[in-house]
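> Throw the hints in and build the complete structure from the sequences for me.
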Amino acid sequence: MAEIGNPEKRRILVPEEQPAPSPVVVPERKPPVKVPEDQPV
Amino acid sequence: MNFLDIKAGDNIEVGTQVAFRFWRYVFPPHEAPLRLLSWVSNKRWHPGQFVEGTSPDVGEQGIHGYKTMDDLMWSVHGDPERLVVRSQMNECDGVIIGTVALWGVIWDHARGYRAQFARPISFISSYGKRSQEALAELRTSFLK
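Protein sequence lines, in the order shown, are assigned to chains A and B. Counting from 1, position 40 in the first sequence corresponds to residue 40 in my numbering; the numbering is continuous, with no gaps. Counting from 1, position 34 in the second sequence corresponds to residue 34 in my numbering; the numbering is continuous, with no gaps.
Honestly, the hints are just simulated from the structure, not real lab data. Computed from a predicted model, the values in this text were never measured in an experiment. By construction, the Cβ of each residue, glycine as well, lies at the ideal position given by its N, Cα and C atoms. Mixed in with the good hints, there may be bad ones.
Lysine to aspartate or glutamate pairs mimicking DMTMM-like chemistry, simulated, CA-CA at most 20 Å apart [to be verified]:
hint	chain 1	residue 1	chain 2	residue 2
1	A	Lys9	B	Asp5
2	A	Lys9	B	Asp10
3	B	Lys7	A	Glu3
4	B	Lys129	B	Asp79
5	B	Lys129	B	Glu81
6	A	Lys9	B	Glu137
7	B	Lys67	A	Asp38
8	A	Lys9	B	Asp57
9	B	Lys129	B	Glu91
10	B	Lys67	B	Asp57
11	B	Lys67	B	Asp79
12	B	Lys43	B	Glu60
13	A	Lys9	B	Glu60
14	B	Lys67	B	Asp5
15	B	Lys144	A	Glu17
16	B	Lys7	B	Asp57
17	A	Lys9	B	Glu13
18	B	Lys144	B	Asp57
19	A	Lys9	B	Asp71
20	B	Lys67	B	Glu13
21	B	Lys7	B	Asp108
22	B	Lys67	A	Glu3
23	B	Lys43	B	Glu91
24	B	Lys144	B	Glu133
So, partial list: chain B residues that the calculated Cβ filter (under 8 Å) puts toward chain A [said to hold, decoys possible]:
hint	residue
25	Asp10
26	His30
27	Pro33
28	Gly104
With beta-carbon atoms standing in for the labels, derived distance ranges [to be verified]:
hint	chain 1	residue 1	chain 2	residue 2	range
29	A	Glu8	B	Ala8	35 to 45 Å
30	B	His46	A	Pro7	25 to 35 Å
31	A	Lys30	B	Glu60	55 to 65 Å
32	B	Lys129	A	Arg10	38 to 48 Å
33	A	Pro31	B	Ser122	52 to 62 Å
34	B	Ser141	A	Lys30	43 to 53 Å
35	A	Lys30	B	Ala8	22 to 32 Å
36	A	Glu16	B	Asp10	12 to 22 Å
37	A	Gly5	B	Gln132	16 to 26 Å
38	B	Asp10	A	Val33	47 to 57 Å
39	A	Asn6	B	Glu133	23 to 33 Å
40	A	Pro31	B	Arg139	57 to 67 Å
If you want it as structure tokens, here you go:
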């Protein structure tokens, strides 16, 4: 399939039905775990 | 698509470009699903998937399609049957004509297009061994 003639114009086509990007899930922030002072870390 | 493909001054449009093209088909052994192959390369087209071609910005690369059915028929001198022998020389069973949606980087030519991405949207006619069976199977598997 090569007989399509001479190139004339370059363009960019973006389809309407682009696949939706995966939602970004941000993990909930949890409070830092407090280690009692009298326990070994 | 890669937004780095967009150059200053490019015309950006929303949508796809419909084009006409032909493929080779082959019935594999052992009742496996029919295989749809590009005409020039051995690139296989799969149901439910789009195809990304080589960059249309390089030489004559990209996924080719004709602007109209008349342009396609002009390229085969009005006789798609003449493609069948060539397909069978490459161990295929025949040829199928249909339409594709093209998008991404597209080069417009006088009679057709070269595009970055494509997916089949219709299968119109087929020529070769078990051609009607091939047409029915491709319509069922690709155009659900």
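> For every hint, state whether the structure bears it out.
Evaluation of the provided hints:
no. : hint                           : verdict
1   : A/Lys9 - B/Asp5                : holds, 15 Å
2   : A/Lys9 - B/Asp10               : holds, 10 Å
3   : B/Lys7 - A/Glu3                : violated, 27 Å
4   : B/Lys129 - B/Asp79             : holds, 16 Å
5   : B/Lys129 - B/Glu81             : holds, 11 Å
6   : A/Lys9 - B/Glu137              : violated, 36 Å
7   : B/Lys67 - A/Asp38              : violated, 80 Å
8   : A/Lys9 - B/Asp57               : holds, 11 Å
9   : B/Lys129 - B/Glu91             : holds, 12 Å
10  : B/Lys67 - B/Asp57              : holds, 19 Å
11  : B/Lys67 - B/Asp79              : holds, 18 Å
12  : B/Lys43 - B/Glu60              : holds, 16 Å
13  : A/Lys9 - B/Glu60               : holds, 14 Å
14  : B/Lys67 - B/Asp5               : violated, 23 Å
15  : B/Lys144 - A/Glu17             : holds, 17 Å
16  : B/Lys7 - B/Asp57               : holds, 11 Å
17  : A/Lys9 - B/Glu13               : holds, 13 Å
18  : B/Lys144 - B/Asp57             : violated, 33 Å
19  : A/Lys9 - B/Asp71               : holds, 18 Å
20  : B/Lys67 - B/Glu13              : holds, 18 Å
21  : B/Lys7 - B/Asp108              : holds, 16 Å
22  : B/Lys67 - A/Glu3               : holds, 11 Å
23  : B/Lys43 - B/Glu91              : holds, 14 Å
24  : B/Lys144 - B/Glu133            : holds, 17 Å
25  : Asp10                          : holds, 5 Å
26  : His30                          : violated, 30 Å
27  : Pro33                          : violated, 24 Å
28  : Gly104                         : holds, 7 Å
29  : A/Glu8 - B/Ala8: 35 to 45 Å    : violated, 19 Å
30  : B/His46 - A/Pro7: 25 to 35 Å   : holds, 29 Å
31  : A/Lys30 - B/Glu60: 55 to 65 Å  : holds, 58 Å
32  : B/Lys129 - A/Arg10: 38 to 48 Å : holds, 40 Å
33  : A/Pro31 - B/Ser122: 52 to 62 Å : holds, 59 Å
34  : B/Ser141 - A/Lys30: 43 to 53 Å : holds, 48 Å
35  : A/Lys30 - B/Ala8: 22 to 32 Å   : violated, 47 Å
36  : A/Glu16 - B/Asp10: 12 to 22 Å  : holds, 18 Å
37  : A/Gly5 - B/Gln132: 16 to 26 Å  : violated, 33 Å
38  : B/Asp10 - A/Val33: 47 to 57 Å  : holds, 53 Å
39  : A/Asn6 - B/Glu133: 23 to 33 Å  : violated, 39 Å
40  : A/Pro31 - B/Arg139: 57 to 67 Å : holds, 59 Å
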